[in-house]
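Novice: As they're listed, the protein sequences go chains P and H.
Residue numbering for the first sequence follows my numbering, beginning at 23 and increasing consecutively.
Residue numbering for the second sequence follows my numbering, beginning at 91 and increasing consecutively.
If you're looking for bench data, these hints aren't it; they were derived computationally from the structure.
One or more hints might be untrue.
Claimed, not checked - With a Cα cut of at most 27 Å, we get these calculated BS3-like pairs of lysine-lysine:
hint, chain 1, residue 1, chain 2, residue 2
1, P, K24, P, K78
2, P, K104, H, K111
3, P, K78, H, K111
Spelled out, the chains give:
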Amino acid sequence: MKVCILTWEFPPRIVGGIARHCFGLAKALVKENHEVHVVSLEFPGTPLDEDVDGVKVHRVIVELGHPSFTTWTLLFNHFMEKKVGALNKDVSFNTIHIHDWLAAPAGIAAKHCLNKPMVATVHSTEAGRAQGLHSPDSYLVDGWEWWMTYEAKRVIVVSDSVKWEIHNHFRTPQDKIDVIPNGIDVTRYQKERPRDSFRRLYGVDPHEKLVLFIGRLAPQKGVEYLIWAIPSIIQHCPGAKFVIAGDGWSRSYLEGLVDSTGYGNRTRFTGFISDSDLVDLTMSADVLVVPSIYEPFGIVALEGMAAGIPVVASNVGGLAEIIEHDRSGVLVYPRNPQSIAWGVNRVLSDPGYSRWLADNARMRVRDSYTWEAVAKKTAKAYERACAE
Amino acid sequence: MPEEIYFLCMLHNIGAVSSEKSMTLEEVARWTALEPEKARTTIYKLVEANYVGVVISGGIQRYHVTVDGIRKVLSMYS
Numbered sequence: 023m024k025v026c027i028l029t030w031e032f033p034p035r036i037v038g039g040i041a042r043h044c045f046g047l048a049k050a051l052v053k054e055n056h057e058v059h060v061v062s063l064e065f066p067g068t069p070l071d072e073d074v075d076g077v078k079v080h081r082v083i084v085e086l087g088h089p090s091f092t093t094w095t096l097l098f099n100h101f102m103e104k105k106v107g108a109l110n111k112d113v114s115f116n117t118i119h120i121h122d123w124l125a126a127p128a129g130i131a132a133k134h135c136l137n138k139p140m141v142a143t144v145h146s147t148e149a150g151r152a153q154g155l156h157s158p159d160s161y162l163v164d165g166w167e168w169w170m171t172y173e174a175k176r177v178i179v180v181s182d183s184v185k186w187e188i189h190n191h192f193r194t195p196q197d198k199i200d201v202i203p204n205g206i207d208v209t210r211y212q213k214e215r216p217r218d219s220f221r222r223l224y225g226v227d228p229h230e231k232l233v234l235f236i237g238r239l240a241p242q243k244g245v246e247y248l249i250w251a252i253p254s255i256i257q258h259c260p261g262a263k264f265v266i267a268g269d270g271w272s273r274s275y276l277e278g279l280v281d282s283t284g285y286g287n288r289t290r291f292t293g294f295i296s297d298s299d300l301v302d303l304t305m306s307a308d309v310l311v312v313p314s315i316y317e318p319f320g321i322v323a324l325e326g327m328a329a330g331i332p333v334v335a336s337n338v339g340g341l342a343e344i345i346e347h348d349r350s351g352v353l354v355y356p357r358n359p360q361s362i363a364w365g366v367n368r369v370l371s372d373p374g375y376s377r378w379l380a381d382n383a384r385m386r387v388r389d390s391y392t393w394e395a396v397a398k399k400t401a402k403a404y405e406r407a408c409a410e
Numbered sequence: 091m092p093e094e095i096y097f098l099c100m101l102h103n104i105g106a107v108s109s110e111k112s113m114t115l116e117e118v119a120r121w122t123a124l125e126p127e128k129a130r131t132t133i134y135k136l137v138e139a140n141y142v143g144v145v146i147s148g149g150i151q152r153y154h155v156t157v158d159g160i161r162k163v164l165s166m167y168s
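Let the hints inform the model, and build the full structure from the sequences given.
Specialist: This is how it looks when you write it as structure tokens:
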């Protein structure tokens with residue numbers, strides 16, 4: 023099958039989980055003998071056209087701009103759509119696959135102009151990310167998300183939680199939805215664990231405990247609840263230090279919050295760090311905390327599990343489907359610093375339990391969350407879209 | 091979101107994302123509807139933070155978002 027994947031982010035242009043998802047899926051589809059083209063946006067220092075592990079990547083130059091984010095989104099979709107049209111003259115795609123609302127206008131246009139079945143993956147919703155619709159832009163994005171699910175022949179979601187979310191919110195028929203969880207490349211974590219010298223780069227000594235958060239610093243990631251849990255964690259584990267890896271528009275608020283706890287000297291905000299450093303940091307941690315209040319899937323939890331690190335996560339969304347409480351991780355109440363502190367302290371205070379959780383988690387990831395499995399299920403969704 | 095980061099996002103969205111697409115202060119001020127002096131102050135803060143790069147073309151300073159700046163902008167969008 024010849025597939026055109028449209029996505030606003032693709033490595034090295036990484037915003038959140040969509041880039042990793044598209045890259046993992048595309049490579050796995052190629053291994054299944056599909057021809058895969060990815061159309062995304064230009065990024066400095068990166069070729070406009072290249073072959074990456076068999077995936078044909080095309081990055082469009084966005085020749086027009088506008089200060090407004092939503093207008094800019096429409097503009098870059100226009101250039102993506104032109105690229106798809108040009109590629110289709112040589113390739114004649116079987117399916118167009120779009121990821122989230124950010125590529126929806128281009129995908130919908132390609133569907134109608136080229137008369138191709140369109141498959142859409144909903145990674146999250148605006149109503150979920152913003153915990154409601156609170157601004158004109160939010161309503162606009164919500165409308166585009168509904169339109170995308172309406173126009174798609176098949177809608178792929180990454181968890182049962184998102185399936186129910188879009189069924190209830192957009193009235194998407196259940197039999198139109200395929201639940202295909204994200205995968206992970208476990209080989210990235212099959213290397214010697216970097217320990218002391220790497221931890222020291224982040225201010226954590228060998229005898230101290232590294233409590234790690236990884237993700238965008240946005241409200242739905244619930245970082246503030248982890249920060250409020252810091253005093254209680256330190257009370258039980260005086261050697262705990264906190265590394266918050268990632269960036270986002272809540273950063274300055276969160277830095278101020280940490281200072282207000284009095285533990286600013288035990289907490290480090292890293293800002294953006296490279297993928298390879300992220301792998302090493304994850305493998306160096308004593309616990310990974312995922313305190314999201316909205317999490318459609320939670321690839322970062324899979325990454326912690328693959329790295330052999332105990333994961334303490336909110337009992338929400340996809341996290342509650344990935345992690346078996348008290349077996350492959352610890353689930354805690356969302357928006358609840360006491361519960362987060364309880365989970366972290368449980369893991370830090372019992373190394374044997376912590377090791378047992380991590381071993382179970384590694385097996386679960388290896389058995390259930392491979393990109394090969396994701397690609398096979400996705401290809402079936404493409405076949406269904408073409409047949410209908 | 092801090093004001094200068096909001097400005098950085100606008101600079102990114104209007105397309106000043108490489109040295110080839112850099113813009114003068116006047117062009118930036120016109121696009122973002124900011125007073126030139128305010129645009130200058132804000133851009134200098136972003137240059138200091140390494141989010142904006144400066145190129146000199148024909149004796150005129152032109153500005154563009156750096157790779158660090160692009161990553162910062164992308165981290166603002168969910």
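Novice: Now, for every hint given, state plainly whether the structure supports it.
Specialist: Hints and how they fare:
| no. | hint | in the structure |
| --- | --- | --- |
| 1 | P/K24 - P/K78 | holds (11 Å) |
| 2 | P/K104 - H/K111 | holds (21 Å) |
| 3 | P/K78 - H/K111 | holds (26 Å) |
Of the hints listed earlier, there is not a single one the structure fails to meet.
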